[in-house]
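As you go down the protein sequences, you meet chains A and B in turn.
When you line the first sequence up against my numbering, it's residues 1 to 553, in that order.
When you line the second sequence up against my numbering, it's residues 554 to 944, in that order.
In short, the hints are calculated from the structure, not lab data.
Predicted model only: the values in this text are computed from it and were never measured.
The hints are all genuine.
To be clear about the criterion: a stretch of chain B counts as covered by chain A if any three or more of its residues have a C-beta under 8 Å from a C-beta of chain A, and this derived list gives those stretches: (1) 735–744; (2) 786–794; (3) 900–907; (4) 912–922; (5) 933–942.
Positions of the beta carbon are idealized from the N, C-alpha and C atoms, including for glycine.
Chain by chain, the residues run as shown.
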Amino acid sequence: MMEYENQGYDEAHLYASKEEMSSLVLNEDPSPPSNGSKSFSDDPLSSAPPFVEIPTDDADPLHSPSPNEVLPNHSSINSILEPPSYADAIFQSFDSDYIDSAEVNSQDQSLSALSSFSSDYVKICVSDPQKEQEQSGSLVPGVSYYFTYLITTFTNLLEFNGAEFNVRRRFRDVVTLSDRISESYRGLFIPIRPDKSVVESQVMQQNEFVEQRRMALEKYLGKLAMHPVLKRSEELLVFLTVPGKMPLARTTDVSSRMLDGTVRLPKQLFGGESAVGGAAKVSEVAQPAKGGRDLLRIFRELRQSVVNDWGATKPPVIEEDKEFLEKKEKLQDFEQQISNMSQQAESLVKNQHDMGETMGQLGLAFVKLTKFETEEAIYDSQRACAADMKNVATAAVKASRLYRELNAQTVKHLDKFHEYLGLMLAVNNAFSDRTNALLTVQTLLSELSSLNLRIEKLEAASSKIFGGDRSRIRKIEELRETIRVTEEAKNCAVREYEQIKENNKNELERLDRDRHNDFLSMLKGFVVNQAGYAAKIANTWETVAEETSGYAK
Amino acid sequence: MVQSPRSLSSQAPYLTVSVTDPAKMGNGVQAYISYKVITKTNFPEYQGPEKIVIRRYSDFVWLRDRLFENYKGIFIPPLPEKSTVEKFRFSAEFIEMRRQALDVFVNRIASHHELRQSEDLKTFLLEDEQTMERSRSQETGIFKKKPADIMQIFKDVQSKVSDVVLGKEKPVEESNPEYEKQKNYIFQLEDHLAEAQKHAYRLVKRHRELGQSLSDFGKAVKLLGNCEGNSLGKAFSELGAKSEMLSIKLQREAHHLLMNFEEPLKDYVRAVQSIKATIAERANAFRHHCELAETIKFKEIDLNKLRLTRSEKLAEAEREYEQLKADGEELKMKFETIVKLMNEEIARFQEQKTIDMGVAFHELAKGQAQLAKSMAEAWRSLLPKLEACSS
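So here's chain B without its partners, still in its complex pose (with noise of 0.2 Å):
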């Protein structure tokens, strides 16, 4: 069974996938990078142990969109971005790292108690080809409206004219000062792990500039250990070797380090960016539930004069009254699930990225350690010869 580096450890009913062998299809500016998705579970609505199926990148994103969609409330795992420079949208680096990235994204979603339930989730891991290029085609992306939304940003545009004239202009926010700090915790942290993976990136250039270094460097001493001859010219091109051999495992390290431990800080920090999206959502909710509450005394008020007046239009306005309240109560409940889904999810994010730290940690120091100590004994290798040369 193929775990994922990240995935829960699952008990009788499993899910898991794995996101492997990418390849180059198509050609020129259509082309793009395809990859093999294989699940292996037990649910009974997945009809069978094992399934194949290929995927793009867009699929990806369409499936996070959806979830985006149906799940409010809850942290979506997030994306590698798309590549924005065009020479490196191909090169192996970058595949492997959006390969890694993908296979962590889907078995995140795959061990979530809820998101692993989804009709979305079974739509990506099990329609063919062309079914999967369909739904895609047919959703628009997250940042894109839909028709009903455009009405919804008339709507917003217009209570917020009546918010203007009436003298209400501030926009409605929870006074909730636990949820407060718990905002300002998100952002905050999104400042700092930034810059400590901007850090972590560089270090991986470091490494492989002191590789580069260290190889030019062999090969001048080399040079050097011709021009001198006998045990002290032997001696140069023992340690010209050494140093190209270190510049080889500096190059290696450069790359271990870039997949185990900044690739998992970057992941981190995308992670907090989608916690932000779904603060975005609580806020929307919020507002809407506010205004409609506005809306819903107003129709009151009104409600009140028709009754006073007896006028005929009152039997049309309790039936809008009554929708209102039955709307303003759906609201009020997708706020209310959406505040009790953060609070979970906030936790269980805490947890698991003290995990997710964790192993970072402990790659970065296994692998600084375990490089340190090669080269110390790579060193050391050369002192006797040395010592043999000063007789």
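The shape of chain A in the complex, shown without the other chains (with noise of 0.2 Å):
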């Protein structure tokens, strides 16, 4: 059986909690002592909480709680509800008996199933945000500002030789750990990290956007701690431990900077195929074999693929290895699914929280309507009226905050769809590394066989002078200089394209079991949970259902 690691609230990624923060009602405030709201610590009435922490709101650590956004007087309400019926309402984790072994599995990070704590683990927090100025040289007049991050690591596995780092660094060091892992690990289903997005940085605030990058790194490099191969990785090594200015090279590769941020391109400009949904690997753009790279050799693959594709109806990379094809065919159809699935489920998200809003509503206009029947009845009637209406607007509030909580866990069930999303295009990476190994090797033979032919040629036309020609002769001599380099470079690309291949298949492999468990998983996590809520949401109505079944017909 799966072992998972209960995360409780702490690392809740709610996409609605700034909403949900305002929305209802009640207002969630803690124990008086752990946080610095001041209203109820001072409400005479609220000795004991009457109302209970949803931790949630706490782990945001932008978000100040405005205790009086939405209430006007909240000691009338907090004597119109009675405490004690909150108990209920709280809770950190479902009841046992719903729960078998496996709970929730919270853990951004995990694109498989093995909690972090096992064997070898690398975990990584990222904090700490620091506006630092640009150095000069910078051509621009002024002054110019960048944020650095602290990333902490703790790890035990033994490439490390540490259990503990901390360094500093600035998204730009991440860009490129990220280009040069894409470099190094061509095959590989590498994470992608997270976008420059220079114009959301100008529509949020700054401390908003700071902290999205910062959440949208942690999860980044979280990922990276998950590969199996990664995580051992000599870029992500010194990336991780190395203090001072960051070691690792900027790539060279001209094309990659052109290109990032670019983007849809038309396919036929970068060759090879472009996987279903997404464009070809821009960063890669044909990048050649190890052996060598010069813009000569890039424009030449752009025109081989160019020609391969105006020449060719069928594809121009052929792929024999059948099995691969039909696993890429699924995947193609895989991929389909689950972009619905994650639009699906975003939804639902959203109906789920606008279920819970409304009722919450509903239950603080019935609070309204029950003070004002309490405060002006002159007839028995009246204040029969109220205690009903008193139960049905405690009812209501209480499902209101059960609504909550199960969307705050549905989130982070449903987030494995879009997790699954962002490896897809992972993969369409990695496919692309195996097309453009394979345009690669196919370059180099066209060229070996277009100098041979004129080798060939060559010694034709020198052979029908007599004596030879000195200057053909030499330039035969060339030739063959040549061919050897490129022999060379061909037997690269080769090595190249089968380690590609290799790790193409080990990565489908691994998919698949991840795949499974991740699933399997999620499903578990999310029927639990729906089922858990909706079993408290129904014992909420009954009890009023009970209370008002004398005017049952």
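Put the two chains together into one complex, using the hints given.
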């Protein structure tokens, strides 16, 4: 049976957290000492905390609770709703009757099912954003700033030579890390790094943007740390452990720098099959073999791919591996379904949220009505009505909170779909690697054959001249040298291609295993969650149904 | 015996009505809905245990207006609103909501000890359609003025002018602190109720939206299951199927919530608005009574002048004076009747409302509890299969 970490609420990445904060009603105030919010501790009626903390709110570092935001008059509301009845609404995990062994797997980092406390782990935290001034040497006059983040790593991997590390890095360093890993580990399913997204940073408040980036970085590095191969990579190690300026050289691949940030470019221009639903891996445009890279080579390969595309009605690279092709097709289908799933999951979360919100508003309206009827009561019938209203109001408010909690958990579960959507991008990139590598091999092969052809022609022409043709013979010698180099390059390219094929194969197997486990645990978590909260909501309303059963016809 | 859900239980003399079988009549712009109104009674003046007539919405409006005219002081049961949006006029939901509200309306009248004796009610319940149509077109709606009322308006304007001239500008109002409190209560109650009703309506919508979402979610899960294959794929398919099933339950609960919780709340709001109309009537009656009292006072002054001068106009003036005094008595009585009735009515209203709301709350709680329970059961039923997958 799988072990899962019970994350609790601390690392909730609530999609709707801000909305939820301001929508309802009865404020989540933790036991007075632990939180800075003043209003409740001053309230004489709340000697016992009337409303129990929903820890999710505390977790959001940017949100300072504004307790008075919604209700005009706390004490009157407190007096309407009985504190003890909220005891039921409080719980930080589900009732044990509903849970088998699987609990919420809220590790954002995991693509595999292994707990981070197993034999080899790397845990990375990103914190403490600091604003720093750009060093001189910029062409732009005036001062510009950037942010650095504290990257803390805990690990027991031997390769790291240490248990804890702290370094400061800026976003640019992460881009470098990502680029270098992409170059070195072609064929693997490499997690996609966070966007540069300049536009958003202009729209958002700066501290919001920085916080979003911090979370995204943590998530990204976590994914790298979960990858069985990448967690041990030289690049990651250096990034995480070497203090001071980042020692990884920025990539010299001109084309990658040019292309980062562009959205979609015509398939024909950039070679190889474009994966379904995504552009070809733009940072890897026609990446030549490790043996040598030059712009000339890049353009030759471009030309080759264009020729391939125009000349053929079939795809330019002929993938012989039937098994691979089958898997690829299946994955394309899978990607579509995941994308659909991701959309529906978001929609479901939104609707659950709305349900909870409206239920809360209804409850609040009845709270006000109850207070009104109680104060103005002249007839006994009014008092009876007020009592009924109070029960309904209490139940509605309780149910609203339960919906809110349900939704927070649902978000964590269904997040899996969004993760896999991201994973599919990595998969497509890995397949592009393969295609590009094959393209390189093909290019080199065709170069070789054209070189050989030229030698043949020259030899034929030269043999006609008695005594040989000095210039031609020299030419032939040069060509033979070129062939030798090209032959080496070709062999290198072939090795590279084989490696990538191997990587693809291993990763596909890993994906199949992980997928099964991930989805199973997600389904269980989702179902347990829904069942648990539904039961609690049912209880809440059953009480009221009983209390009002006298009115039943 | 078809008992309306909201009628008080009645003993030996009984009168119950049901409004059923809405049917679309006519075409195009002239189209309307007709209802079958079935009366069951043992009232002697009704000549027979059962009678069926066909009525349309404007007939109900006629009845309401007539009762309002003739039973001042009594809270006339409210009618559902006219539909302002054309395309919903014939939607099944709207028709059902209206039918239910009309049924409640007639039965409330039929169970009110005074209103049930009304001639107009008898007309409404027994007369054939042509007679009904004739009566309807003769009468004008409550907001349209009859010729007599137009005169009254002029008189009102006149007296206002003279008031201003004489330096009295404020409209005449009762200075009864208890009544003031009651009026405030009614006005505030309307606001509170309207807000609750607004959220109740939204809640209905949320149920529908969540239902739709679950349905889409279920479909997507099923498709994903097809990708997976083997036991996990089957688990996905089952999850998808449960989602779709729950979606249907949500839609049902949305309808149930609409008819049994939101509509009663809306009805409550309308009832309060009807009370406001009665409050306005009382204010009118009080004002007329006061104004006439003023007029009488002046008349008395004039009369004394005439007595002193022994004018030949004296006799006529005395006759007019007596007439005015009689009118004054009548208006005073009218006003006092209204006051008495209102006091009784409000107690009755509170009692009835407590019961009505109690029923509505019960329906809300029951519906929500049942929905949640079936959701819990459905989700839980998937767990064994999911367990089986991991082995």
